[in-house]
Amino acid sequence: MACGTLWTHVPSCAYAHEQKVFASFFQERRPRAAAFALIRLLLQRLGQMAFVMFGISVLVFLIFFATPGADPAARIAGRNATPQVLAAVRHDFGFDRPIPVQYALMMKRLFITQDLTSFVNRGEQVIPEIVAGTPVTLSLVLGAAVLWVAGGLAIGITAALTRGTFTDRALMVAGLIGVSMPVFWVGAMANLITQSRLHNTWLFAWVPPLGYTPLTENPFLWLKSLLIPWLTLALLYMGLYGRVLRASLIEAYQEDFIRTARAKGLSETRILLRHALRTSLITFVSLFGLDFGALVGGGALLTEVVFDLQGVGKLTFDALQNLDLPVIMATVMYASFFVVAANAAVDVAYALLDPRVSTRSV
Amino acid sequence: MASAATLFLIIVACLLAPLYAQYIAGTDPFRPHLDETVSIDGRTLDILQPADNPLHLGSAPLGPTWHAAYFLGADGQGRDVAARLLYGGRNSLLIAGAATLLCLFLAAIVGIVAGFMGGVTDQILSRLLDILWAFPVYLLAISLSVVLISQGLHIGPFTIEADSLLLPIAIIGIVYVPYAARPVRGLVLGLARSDFVLAAVALGVPNRRILARDILPNVASTLLVFAPLIMALNLLTESALSFLQIGVQPPAASWGTIIADGQTLIYTSPIVAIAPGVAIVITVLALNVLGDGLRDALDPRAKLRVRS
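As you go down the protein sequences, you meet chains U and D in turn. With the working numbering applied, the first sequence corresponds to residues 917 to 1278, in that order. With the working numbering applied, the second sequence corresponds to residues 1244 to 1551, in that order.
In case anyone wonders, no lab produced these hints; they're calculated from the structure. Backbone N, C-alpha and C define an ideal beta-carbon position, used for all residues, glycine too. All clues given are correct.
Cβ pair distances, simulated, as ranges:
| hint | chain 1 | residue 1 | chain 2 | residue 2 | range |
| --- | --- | --- | --- | --- | --- |
| 1 | U | G1039 | D | G1362 | 45 to 53 Å |
| 2 | D | R1436 | U | T1033 | 51 to 59 Å |
| 3 | U | A1257 | D | G1362 | 29 to 37 Å |
| 4 | D | I1367 | U | A982 | 15 to 23 Å |
Using the sequences and the accompanying hints, generate a full structural model.
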């Protein structure tokens, strides 16, 4: 979460090769060769994704089961486990067998048979709990993403158009403050205001008690219960996205094609929307992919805890409180796989969006 | 440099925490004070006061007195919030600062080795960085913390206790390594092909000397710009981990643990949660402003473009 200030420094040519291939797809005279190139690229990206997922799964496995000097069975069984439970854990996870076998066994139980059980809450199935929490987390994350993109666009465009004025400076400072706040603290402050101090005023009387209502049960209550969490999460990223968009808009306005567009006599609105904004959105989209992952992996977890939303993050938090390791490992694995897949999708979208890819020197 | 001055003041204030607790507040912020009283302006007040409901069920901690003792009031166990805030700041800043040094040190080594050696070494290191980069930071930090904090770390003769500050420092120091190592690698890759390095190689200058005289000084300014930005991220990460109770372990405090304490008192004594949050925001903001200023001054963007 809130890592964007740093990411803006990272050169965005990591996927330059893909961009070239995509560009050739659109400009190639021989469509069949171009189609092959595109398919090869997609396969390559899929292969990359599979490699990273494999790496992450090995890393998680090693962290949980092969940290030196401690008995993983004792960790998994939880505090004050009886010898019988310990023996059951050892047998269950195959701790008497070699590490690669343990890894394969674990992956099978996580993704194929999906029968991983918790030992702290005896016999509780882990994967169904994650599935049950997913709609809550997705509701939270997607809603916040819509708000933060809309807010980021509004802030970035306003600041770029009013460049150098008080409005511009105020928006930029506000953006920097947004990145500097811990999300769980903002959530706690939002609760303090909307649930307690100003709850009896017309402004926040509509805020329902903390908790989640499924969309299918009562769409209106779903919206009302999620609005404050959405705003909390979006608040952190909005300003950052505004900052990034402003910088790239200002850069775009100095490019030759804007001068050409002006010379053609296009209206300022059209220049902004069709020319400047389109190129600036590339940075925006690539940053979005990175932050979306950070949001799912971190910000959403903390927000769910503060607002008592029973999603995957809250599940992880509850498991952290009683050191229920199978649950934590499963949520970490599923969430990071989701993030990796989402990032791959954004990369592809990124390569498709950039009209200049073929001319950019890499 | 208002941001640098602000940071300096915060650091000095936190370093003086023991003096404040002992001589100004006159209280031990690591021990519960449940049935004690404190005298403010000649009046004697309960530190934990009867709750403000008709049956007087439960109790509410003393609010801010704005006097030397209990300046910001008490927390749920009757401990002085202001004193804990300073002690917590000491831990938060120590962890974030040490983790920053560790992170930049590792990133410099990995980035320079990968960029300068190239070939298979670069391939292996880059793929490892790819994996770490794709792994959401908080999930990695949570995995490491929950495993290490449940039992500590035992490698051969070395043992790190579960409540040692070294654990959060190491965990937070590791998770952001790819964020700094990847740009450093790109920078070194470009430098290794630059004319002055090629000239040095052609002249038969040993690698050791090229690294020390040509590569390191160029990498150093990039690392310098990253330092405050990484420290800002570290501070936020530390507070989040402590808030989740897998960072600094009680009775020690950090700004994150105080927010977690205040979270349960949020409607009765909001100041307990507000104060450390404000401290975090001011510190992180100052670090971000400082980082922006350093970047503008040293302009590493131009240097980072060497890669393309």
